[in-house]
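Protein chains in written order, with the numbering used here: chain A, 17 to 655; chain B, 12 to 310.
Since the hints were made in silico from the structure, they are not lab data. Treat the numbers as computed from the prediction; the structure is a model and nothing was measured. Just so you know, not all the hints are guaranteed correct.
Stated by the list, open to error - Computed cross-link-like contacts, SDA-like style, restricted to lysine to any residue with a CA-CA straight-line distance of at most 25 Å:
| id | chain 1 | residue 1 | chain 2 | residue 2 |
| --- | --- | --- | --- | --- |
| 1 | A | K508 | A | V601 |
| 2 | A | K42 | B | K128 |
| 3 | B | K183 | A | L646 |
| 4 | A | K444 | B | D19 |
| 5 | B | K185 | A | I631 |
| 6 | B | K58 | A | R278 |
| 7 | A | K508 | A | K614 |
| 8 | B | K133 | B | F112 |
| 9 | A | K402 | A | F207 |
| 10 | A | K481 | A | L652 |
| 11 | B | K185 | A | D538 |
| 12 | A | K42 | B | R170 |
| 13 | B | K58 | A | E40 |
| 14 | B | K58 | A | F277 |
| 15 | A | K42 | B | D167 |
| 16 | A | K481 | A | L646 |
| 17 | A | K173 | A | F457 |
| 18 | A | K614 | A | G482 |
| 19 | A | K602 | A | L652 |
| 20 | A | K614 | A | E630 |
| 21 | A | K602 | A | D538 |
| 22 | B | K128 | A | N447 |
| 23 | B | K185 | A | V601 |
| 24 | B | K58 | A | H632 |
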Amino acid sequence: MSRPLESEEDLIRHDVRTWLAQQEAKELLRFITCGSVDDGKSTLIGRLLYESKQIFDDQLDALESDSKRHGTQGKKIDFALLVDGLSAEREQGITIDVAYRFFTSASRKFIVADTPGHEQYTRNMVTGASTADLAVLLVDARKGVLTQTRRHSYLAKLVGIRRFVLAVNKMDLVDYDEGAFDSITADYRAFAEQIGIDDWIAIPVSGLSGDNIMSRSDRTPWYSGETLLEHLDTVPLEAAADAQKAFRMPVQWVNRPNQNFRGFSGQVASGRIALGSEVRVLPSGRTTRVDRIVLDGDLDEAVAGQSVTLTFADEIDCSRGDVIAAAGDPPEAADQFEATIVWMAEEELLPGRGYWLKLGTQMVTAMVQEPKHEINVNTLERLAAKTLGLNGIGVAELSTDREIVFEPYAVEGTSPNKVLGGFILIDKLTNATVACGMINFALRRAMNIHRQHLEVSRETHSALKGQKPAVLWFTGLSGAGKSTIANLVEKKLAARGRHTFLLDGDNVRHGLNRDLGFTEADRIENIRRVGEVARLMADAGLIVLTAFISPFRAERHMVRRMLPEGEFFEIFVDTPLAEAEQRDVKGLYAKARAGELKNFTGIDSPYEPPEKPEIHIDTTKVDAEEAAELIVEKLLSRR
Amino acid sequence: MRALTHLDRLEAESIHILRETVAEADRPVMLYSIGKDSAVMLHLARKAFLPSPLPFPLLHVDTTWKFRDMYALRDKVGAEPGIDLIVYKNPEALSRGINPFDHGPLHTDMWKTEGLKQALDKYGFDAAFGGARRDEEKSRAKERVFSFRDRNHRWDPKRQRPELWSLYNVRKNKGESMRVFPLSNWTELDVWQYIMREKIEIVPLYFAADRPTVERDGLILMVDDERMPLNGEKPVMRKVRFRTLGCYPLSGAVESGADTVEAIVAEMLLTKTSERQGRIIDKDAGGASMEKKKQEGYF
């Protein structure tokens with residue numbers, strides 16, 4: 017709820033229309049507040065809300081009674097209670113998640129992301145900072161610049177915040193001492209220079225007493241700079257910088273109600289577009305002109321931040337995930353990148369695993385390499401790392417399964433390219449958002465390592481053998497019958513003169529993959545190697561049969577992508593867990609149940625059944641012989 | 012070209028959220044509660060997809076105890092071309108005759124919380140738009156725009172997905188769903204300003220008029236129909252209006268002379284009490300009431 021300042025009340029009483037017109041012209045500033053646990057951040061925000069009259073009498077009554085019950089300020093009103101929203105937080109006296117607050121001044125409206133200072137919640141801070149134009153860093157005047165202050169500055173800078181306020185809080189507790197303020201400012205200046213923060217100011221404040229928040233305090237006569245609110249009211253907005261850049265609009269949705277209208281809906285990420293402007297649709301690269309700009313009526317122009325629907329002068333292909341850009345200044349497309357990644361999940365990064373990557377409106381599968389280094393956010397040192405854990409920040413290379421249209425996230429001297437440079441990674445099984453990342457630059461590695469041109473081609477191999485290569489990928493629980501059926505299939509194919517080879521899970525683990533264990537990471541590598549071998553054999557013209565549990569959809573999908581369309585047959589040997597366990601041919605289930613085998617699929621490690629297998633064998637309905645016959649038939653009947 | 016105002020930016024953000032949901036969800040629906048926030052949300056949805064008709068139905072989870080004026084507007088909206096309105100009433104609440112007078116908190120629980128879950132399950136909706144705003148209430152201030160719910164529609168505040176930039180993760184497994192709040196960053200004043208700027212039709216109950224009322228426990232209640240038991244009370248005509256609308260026996264009126272949007276805004280700006288104060292529903296279980304309801308699956 018936004019309420020007027022006291023000075024405006026007369027105008028509202030007598031001429032609310034004029035007042036409303038003024039409100040409409042207000043700009044929007046989003047900022048983030050960060051500080052460590054006891055820096056008084058919630059109190060400061062509570063104070064801003066209170067002084068800008070955002071608090072109603074009934075809320076104030078509740079606050080007074082709460083202050084007596086949970087408050088930490090004796091008989092005084094505890095403003096922190098206004099913003100500590102969840103009951104878990106109240107009980108523990110901490111802030112555990114990002115909360116958004118709203119208040120207004122005479123010239124701007126503000127959205128404040130209030131983020132906690134605890135180490136384990138780095139991800140919340142990054143989340144809050146991702147939409148902010150400015151960061152207010154709280155420091156306790158008695159404690160000065162702490163490790164956490166540095167960490168928060170670094171994180172805010174990392175997600176592209178360019179403007180900072182160092183709010184030296186609790187000045188009342190150091191008797192408004194200029195020396196204390198100066199020494200903290202000097203400390204911070206040294207740090208800011210080190211990490212490249214050049215647009216910042218320091219303000220001596222007291223959230224508890226209200227000094228230099230809304231109005232200048234007479235207890236700091238030595239300070240002649242802006243108050244916090246004066247600064248928030250006048251600091252430049254990133255929207256202005258966004259509008260100056262080249263035009264980009266990711267297509268969200270194709271609007272096609274009938275034959276006469278074909279529009280492309282999206283939010284303008286940067287720049288502006290006018291009727292008749294020439295645009296290029298990426299990644300196809302086709303160009304056309306903008307015919308109409310539709311919101312509810314037709315517009316002549318649209319600018320960064322607006323959500324509109326464009327129609328084109330020509331009928332060209334364009335769909336969700338494409339990017340409409342200025343024809344003469346388009347962004348690039350690539351499938352390999354270096355990015356800075358912030359890991360946000362309990363389960364650590366698995367290099368080589370496929371994750372969903374969402375960037376703008378593009379959704380692709382991405383594989384992250386082992387990090388080049390991890391960054392210690394406290395010391396800013398680069399550390400060697402094999403993976404990233406919760407709240408880990410690192411630089412890594414990643415590759416996507418198709419090209420995406422992107423821009424580097426951070427650009428010197430202007431606002432960050434949030435829409436085409438920022439991405440999230442999503443776990444394919446749980447669908448949780450596990451990381452966010454910022455693209456640093458594209459790699460050109462695939463172009464630099466040229467493949468050796470082979471004189472005897474894949475087609476030649478295939479023709480010599482008089483067969484079309486294939487990979488028959490058997491997947492299913494341990495003891496489902498994969499190897500049994502695969503063996504029968506191979507025998508039948510051999511009998512018909514086909515050239516085959518069977519890669520069996522157990523056998524491969526005795527040789528090629530004997531260095532691998534059964535952790536999730538090793539299982540992924542196991543399947544990747546088998547996939548590569550199967551692909552080489554298929555290139556040689558063979559029909560390859562593989563019998564591996566291969567429990568994860570993401571890895572089976574990875575192998576599928578290695579092969580030409582139509583050559584990968586996912587065969588789901590579907591045996592219910594209870595049935596497989598009852599058979600327990602190798603006695604492994606018994607061991608797993610007894611706790612002697614860890615990470616056993618179906619017991620303490622998941623099996624993700626195929627969603628659309630080429631062939632589905634229900635072993636409770638058909639026996640191995642019937643299954644094998646069915647598979648051979650299906651394989652040989654393909655065209 | 013003029014710079015975008017605060018309201019322009021909010022509008023653009025909401026439209027982005029609406030489109031993103033429609034592009035990625037299998038079966039979206041818009042919760043239509045007939046109040047002013049629903050009216051704004053519906054207006055934004057029309058803008059987002061125009062000239063196409065709304066690419067999802069509206070769902071009204073009815074308690075049978077709304078104001079008659081609300082039903083009138085609902086039916087008018089439902090009859091408009093291109094609008095597919097589903098009205099759902101929890102059959103168990105209906106057969107047991109659950110009402111706000113005899114059943115207290117059970118009324119909200121069965122009609123609204125249970126009714127909503129049943130309706131979402133029945134139609135298989137996997138993303139439901141709601142008009143909630145972060146400025147309304149403290150636990151709302153921490154909820155994501157895309158709020159993930161498990162198979163039992165429960166919200167877990169400690170396991171919320173991080174939401175960065177304007178990138179929303181709409182992916183989920185079968186049976187799980189999303190509540191999507193396109194108005195997350197709007198304030199009550201923004202809503203009124205937008206209603207005025209866009210000339211959006213709202214229920215007349217928001218405007219002051221002479222209405223039959225009784226006073227109970229410090230709340231002014233409107234006697235909207237004959238189902239309201241009067242224990243010897245005589246309804247008194249008062250010039251009143253409502254700041255929020257729900258079931259009429261649970262919605263407190265305020266005495267007011269404001270009969271235009273401008274007058275409402277002026278009155279609201281100069282008032283000293285918050286919007287939700289007239290709602291009995293928030294007071295069920297102390298301060299954490301809304302947080303508790305949300306964990307149970309309430310919107």
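Hint by hint, which ones does this structure get wrong, listed from lowest number up? Numbers 2, 3, 4, 7, 8, 9, 11, 12, 15, 18, 19, 20, 23 and 24, in rising order.
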